[in-house]
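S.K.: The chain contents come next:
There are 2 protein chains.
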Amino acid sequence: MHSSELNARIVSRGKEFFTSIAGEKPSLFDKGAWMGKAMDWSMRNDQFKVQLFRFVDVFPSLTTSRLLTEHIREYFGDEEAMPPFMATGAKVAGMLGSFGGAVLNRVLTSNVEDMARQFIVGETTKEAVKNLEKLRKDGFAAVVDVLGEATLSEEEAEAYTNTYLELLETLKKEQGTWKGLPGTGGDPDLDWGHAPRVNIAVKPTALYCLANPQDFEGSVVAILNRMRRIFRKVMALNGFLCIDMESYRFKDMTLEVFRRLRLEHPGYPHLGIALQAYQKDTDRDLDGLLAWAKEQGVPISIRLVKGAYWDYETVRARQNGWEVPVWTIKAETDAAFERQSRKILENHAVCHFACGSHNIRTISAVMELARELNVPPDRYEFQVLYGMAEPVRKGILRVAGRIRLYCPYGSMVPGMGYLVRRLLENTANESFLRKSFAEEARIEQLLEDPAVAAEREREARAARPEKERTGPDGLPPFGNEPMVDFTRPDHRAAFPDALARVRTQRGKTYPLFINGKEVLTAELMPTVNPNNPSEVLGQICQAGTKEAGDAVAAAKAAFPAWRDTDPRTRADYLLKAALIARTRIFDLSAWQILEIGKQWDQAYADVTEAIDFLEYYAREMMRLGEPQRLGHAPGELNHYCYEPRGVAAVIAPWNFPLAISTGMAAAAIVTGNCVVYKPSGLTPIVGWHLAELFREARLPDGVFNYVPGRSSVMGDYLVDHPDVSLIAFTGSLETGLRINERAARVQPGQANVKRVICEMGGKNAIIIDDDADLDEAVPQVLSSAFGFQGQKCSACSRVIVLDAIHDRFVARLVAMARAISVGPPEDPAHSMGAVADDNAMKRIREYIEIGKTEGQLLHEGPVPAGTGYYVPMTIIGGIRPEHCIAREEIFGPVLAVMRAKDFDEAIQWANAPRFALTGGVFSRSPEHLAKARREFRVGNLYLNRGITGALVERQPFGGSRMSGGGTKAGGPDYLLHFMDPRTVTENTMRRGFAPSDEESGRL
Amino acid sequence: MHSSELNARIVSRGKEFFTSIAGEKPSLFDKGAWMGKAMDWSMRNDQFKVQLFRFVDVFPSLTTSRLLTEHIREYFGDEEAMPPFMATGAKVAGMLGSFGGAVLNRVLTSNVEDMARQFIVGETTKEAVKNLEKLRKDGFAAVVDVLGEATLSEEEAEAYTNTYLELLETLKKEQGTWKGLPGTGGDPDLDWGHAPRVNIAVKPTALYCLANPQDFEGSVVAILNRMRRIFRKVMALNGFLCIDMESYRFKDMTLEVFRRLRLEHPGYPHLGIALQAYQKDTDRDLDGLLAWAKEQGVPISIRLVKGAYWDYETVRARQNGWEVPVWTIKAETDAAFERQSRKILENHAVCHFACGSHNIRTISAVMELARELNVPPDRYEFQVLYGMAEPVRKGILRVAGRIRLYCPYGSMVPGMGYLVRRLLENTANESFLRKSFAEEARIEQLLEDPAVAAEREREARAARPEKERTGPDGLPPFGNEPMVDFTRPDHRAAFPDALARVRTQRGKTYPLFINGKEVLTAELMPTVNPNNPSEVLGQICQAGTKEAGDAVAAAKAAFPAWRDTDPRTRADYLLKAALIARTRIFDLSAWQILEIGKQWDQAYADVTEAIDFLEYYAREMMRLGEPQRLGHAPGELNHYCYEPRGVAAVIAPWNFPLAISTGMAAAAIVTGNCVVYKPSGLTPIVGWHLAELFREARLPDGVFNYVPGRSSVMGDYLVDHPDVSLIAFTGSLETGLRINERAARVQPGQANVKRVICEMGGKNAIIIDDDADLDEAVPQVLSSAFGFQGQKCSACSRVIVLDAIHDRFVARLVAMARAISVGPPEDPAHSMGAVADDNAMKRIREYIEIGKTEGQLLHEGPVPAGTGYYVPMTIIGGIRPEHCIAREEIFGPVLAVMRAKDFDEAIQWANAPRFALTGGVFSRSPEHLAKARREFRVGNLYLNRGITGALVERQPFGGSRMSGGGTKAGGPDYLLHFMDPRTVTENTMRRGFAPSDEESGRL
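So the protein sequences, as listed, match chains P and S.
Taking the working numbering, the leading residue of the first sequence gets 1, the next gets one more, and so forth.
Taking the working numbering, the leading residue of the second sequence gets 1, the next gets one more, and so forth.
Source of the hints: derived by calculation from the structure; they are not laboratory data.
Any given hint might turn out to be false.
Treat identical chains as interchangeable: a pair holds within one or across any two.
Stated by the list, open to error - Within a straight-line C-alpha distance of at most 30 Å, the following computed DSSO-like cross-link-like pairs (lysine-lysine) qualify: (1) Lys294 with Lys280; (2) Lys330 with Lys134; (3) Lys172 with Lys126; (4) Lys901 with Lys556; (5) Lys394 with Lys134.
Bound conformation, chain P alone (with noise of 0.2 Å):
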């Protein structure tokens, strides 16, 4: 907090400016405007806002006058539901029929793209430099930045460097023609006399990619390898660069970029970087920033700002499960900028400061601490947004004689999501300048010191906490485990650690576990890394059906006082096993790194996965396993109860090998069965931690049997065994047919109808719509379809493109694709590795000749050397639904694309094959989305993110047709599955008294 002194200065010459400016509006705000009026239509209903700033987004691909059109209409109905002002140009125009569509098309695409000129200097270089030219003539300096899409392949990142190497061209031509600014510094040729003429800012992850935190120095070195050249551009210019910042996962990344680039070129002054001081990670950044400075005897320059990317930070974060990384209370971010801001100009003599805000109270107090500090002019600077709040501008450059504007340029598709995001800054309910030109706050109110206010509304908040959602019996709610979290360098080092610890256990021989013992056998089977198949992990004791036999008596012998055990204590082992797994999360991903070739977050998920089962299916069991009353008639008394069925098989596939395993298991065990768990014979060592887990957690002999085994020696035996109730299965569709068809007859001595919980394959497509935002849709179609060598049930194995979309689709994927890296996981620069064993191999490869018979080969990726099961990343173009590969699954890195002549058809060829697991659409036509709800026909269905990586409670995973049985893993009727009901009816009526309801339900 200021001294009370410090901040009644502050305070007067906010009010100074205030009044200095008083009457005047930003254009946005001016409802005289069309834009104005959008802007207070949003500002009074919250559905408008989503649907106006979603119309936004869509608003650059709605290429053809009929899209435009149907987008209209879906996006605000017809002009009775329209806003007045909306169809306004349209009714004068007598808005009629197909003739009032085109007025009206005219009208929005008009007003929008005055909207998106607002904000953007320029759709091209030359019209940019035009419009700086006149900013310079008006007084104002610029920062310039080129708009550019996500960067998804190396071509585009290229393409955009070079767009800066072309911007600079020219700016080194024009600013010949460019007078210095005037102001207090010495050079004619400078802007204020001491800054130079050229300013760019670059967004670092454009010039890469792939930029990922996984891959840290990799993706440093590819940001760094593109921004070097820019850099060496602008010092030829003598002019400025800023390194922007991003999004808080790329925070880390880019203050290495800075520092690496800082370093090569010590002593040229004009290079710096953004920060944001929203982020709860400035002030700890700053500091190091400064003292390395200081140390490394270099100049810096930090920009700093409040942070554009709120929603998505909070958003990202609480989906993730990771700790919000922005200040949630808005005047803790105001705090943090003038604290943060003051420790700058401490530090003048090292650091250059740009103070980039629109915020009076803000402004004031860089000011008033620079004069406080006497902070040279030339050390200082402040810049605001082009297009934005007008009247502060000026009333800087009244005050401080210099201000730069922060000019993007480019074309209208970038440009419509910085459109977006400016809308939203200045709409948002916290915003400075909603309050200080749309609302009017009090001027008090708005020179408040935010550090006293923080204060005040942490307290506020502190007195009404959030009312929490509460789990059963006082366990907290169930909460997805956290994910990896790579912009933490502890968790990008743990796996090394963790690889290189497991390593140590190569060669172990693993024993059965039956009955709480230990059992060894003489047939021995060994375990290998598929992506270095001499590498043996283990050697692992085969189960026969003697073995097999045996767990399933154990389990038998066990069930009774397990079933009697109740629901909560039965919970209780699970949330114990859960706890275990989170201290060894990091071993338990390595193995399957090893065992499987898991990339590092997908080995990680797999173990998150599992806790989430057990977290998740504990609480469930202690909702069910609390008898239900039913009816409301008096004098009886009915209750609805659940039981288990008796010993379950488990038998579980590779490719989720702790997750899908602990997940039966687990469904299993709470509800009081007993388990006889069969592992894939290619994870067994997976299998083995997860016997590992029960047992630490003390698990009663006989409740969980680890039975590996030769399928065809043991699979069957399991199945027909007349003592097994309950067979839970995930893998092939092959086998789970067979296992249903063995379970439904009945063997001699057998006690129950078995019941078999399968999950089978999928044939999965994404649907890209004509309007779809490629920028989202190509990564993760991509990711869908390779991540971990596409060998999940849940993976895309088709993506129906429509026709008019079809060839820029492609051309992105295509160049995406190539960029992808293959090898071993353990690297983290693989993003794709070897396939689980030569079976599958063999298998993928066949497919892969035939597509490429059925179709154009789009995309065939390198190989890596070695003995690795490696399949190169196919893309195969022009199948059609009677091809091979758009109908059996591959599990495998095999895509095939279909073009689709409209959306209807894309739904038909979707749901065509005989599976119904998956699937996704990216659209931004909300009657396309509601159809696709209705009429896409998979289990999990995904509308604009990718289709794998379903979270337990949240999406609820599993398909029905030949997919599965509609059991949905992770879902709240997934248990039900291992229980019968039962009803027990108590006739509470003895010689005619029948106690209240109240008395009579105690049991």
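Position chain S against the provided structure of chain P, taking the given hints into account.
M.R.: The following block gives chain S in isolation, referenced to the frame of chain P:
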């Protein structure tokens, strides 16, 4: 309401009354004594009251010290948990270990017996007569009543009758020694100079073990036969006979018995009947009686009481969905009493009046009314119960000079039921005695005109209406369709009418119904009346594979549109069908009586169950049709919803030909599947009527198709059909397993993994614990075992009786069985009729022969002449778990009796068969009931009631093991089996902008 002057006189008299007894307390409320303390605790602690009253109920059956000790502990806990007064005696004796237990036993035994003695004038005739004499010495006249257990057999009814005859014989001797009590009348040999010295009351249903309004005439005749014998003896003594009124169920029957007996001896003055003021019918009944007496010129006497079965009447009515027959506002009863007293006193010339009340307001009102109407003393008298309200009886004697005590006598066992009623009466919140003597309410309040109080309470209730439960989407909540009410003459008359009506349709030819059209086939099959196989009811067109295939094709074609019909609309068709079924409920019942031989009530219950399924599943689908939001993460929207599977084959049984067919078909339809329905070959006409219901509800063509036909011809065809995705089957184990196995084989072209919802057999047991209430257990076992000839999957086929009670149970069981009449169920005198067909008859007869060799034949009932498929009602004792008839489902009127050494063995035997459908326990041990809840592992367990007649919603029905797949018809999970869940996940964040949760939640 009375005139205000009269009311003032009543209040004034009442105040005098209170003054005259000031300071006196009934012994019941004397807190110095054990009983007073027990009453006091009961009134302050509802749970203790329940336990005490239940303990009193079970007490007489605790014939060993062990039983007594256990029950004391189970009911009241150890001495710490017990109210201090209970343990006092034991504590004094240093209650420790078994010695303490023995003391406690003695203390409780003596106190409970004392309690009973408070109300019972003696245990034997001798003791009773001695005590009557004592009472006479104190000036009290008496009416004597013989306590009786429920009369379960003709032997018991005869014994009860004989007790009365013996009592009368004894009294005959005694009365010679009795002087008439002093009074105003002229005859010194009569009490008070005008009243017979011998006065008895008889409960009519105790004179016939099968009294039942369904067989109204039969019951009246049977009761009259014994009542007549008692009445003759009464007349010989110049005594008085009052026919007691019991529950509402028998009210009209009792009135009829009275009227007939009255007319047989029109000149004899001393015959009375009790009426209950709490019955809403009583004003009408009273008017009727008075008019009838005048018309017939016969003298009558009415004892008016308030009524003692209030709990029973309300509970029973609410359980059955009937209007509650008694007033639910206490003051309404009191007001009715005064109103009816006036009516009787106004008619004193024809009707003698006995006022039976302990309420000082009531008594005062009667006194004042009699005075106002100048009623001579010999035309009215006052009665109170022996042992109750001693101050009141003294007061009456003082004022009126005459009072009669109602004096029950007899053994403890039936005495306890009487005791519980008295305790209940005294401890009820609304009890006048409790208010007067235990709580000392204001006298003004106690003496208020009840008509005024009733009006006030009615208004108060109207002002605060009960919080109504509501159903989905504006529908009323689900409630079971009311049971048939044979107390209603219209219901009794409706059956013969309907039987005659449907018989006019005999011989009709029934077509198939496919795709909305009737289809005739060449092959016809007759359907006949099993009680008279020569009666052909209709000719049924038979579907072959061609027609079955057409039906599947029609269903498949109808599916897409039906699936896409919204759940509410689908539900509306079911509600419409329910509405239609209600209008023809008696015809639908009559068809079942003729086509499959159901008794009236059984047939009607089948129709109400069908209606319940329609109503319940309609609401369930509305609940499940609403997509469920999952998860709480921002920026994503997860919906979980359900989809139908396609074509459902519904293969129905004959035993609940409408209910089960409707349940399976309605579930399939409302969830969006299309149905091919194969009714049983034994009940195709009932099945046709289901088709009619759906047709008249205008269900779209093809959604429901009716295809009767031979299982051997088209059963497998349907099951194997690749376009059938779902099979709902109810029937035999053999067929069920066959279907399950065939359905698991995937056929070429099959789209879905088939799902089979199967309900199969049962081998259900009822356990009779050594403390069971045999009055309830015996009739419930019989109706569970022999209702509808035992042809229910829920029927009781084994009764497992604890050794200690075995012989007593069996004796009463067999005696009652002997009373049951066998013959065509269209005559309601027959509780059992022919079995389904010739095959069933032969199979059951074979089992009977096996049973005879395995055990001892305890009962083999007679079989009527004629060609019906009759088998004898059979009870076989000495059966052990290993016997064939203890293990195999017989599906006929054969009951195996097994003698178990203790409760654990009984549970073990009960669980032994491979079936696990229903089961029951009669026990009054809280621990045994709790144990049964846990360990008697059947789908539907019933405690202290019969084990058939599960109701939709209240008792979801179905078993596990070899009884079925663990589905529960009529329960909250049932519809899930007909659908597959789907998850739809939408990423709602675009360009970093995520709408608020509320906005994005809209679909």
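S.K.: Please go over all the hints and tell whether each is borne out by the structure.
M.R.: Cross-check of the supplied hints:
In this assembly of identical chains, the alpha carbons of Lys294 and Lys280 lie at most 30 Å apart only when taken from the same copy (23 Å versus 99 Å across copies). In this assembly of identical chains, Lys330 and Lys134 lie within 30 Å of each other by CA distance neither inside one copy nor across copies; the values are 35 Å within and 93 Å between. With identical chains, the CA atoms of Lys172 and Lys126 are at most 30 Å apart within one copy only, with a shortest distance of 13 Å there and 131 Å across copies. For the homomeric pair Lys901 and Lys556, the shortest alpha-carbon distance between copies (27 Å) is at most 30 Å, but the shortest distance inside one copy (57 Å) is not.
In this homomeric assembly, Lys394 and Lys134 come within 30 Å of each other (Cα to Cα) only inside a single copy, at 15 Å, whereas the closest approach across copies is 116 Å.
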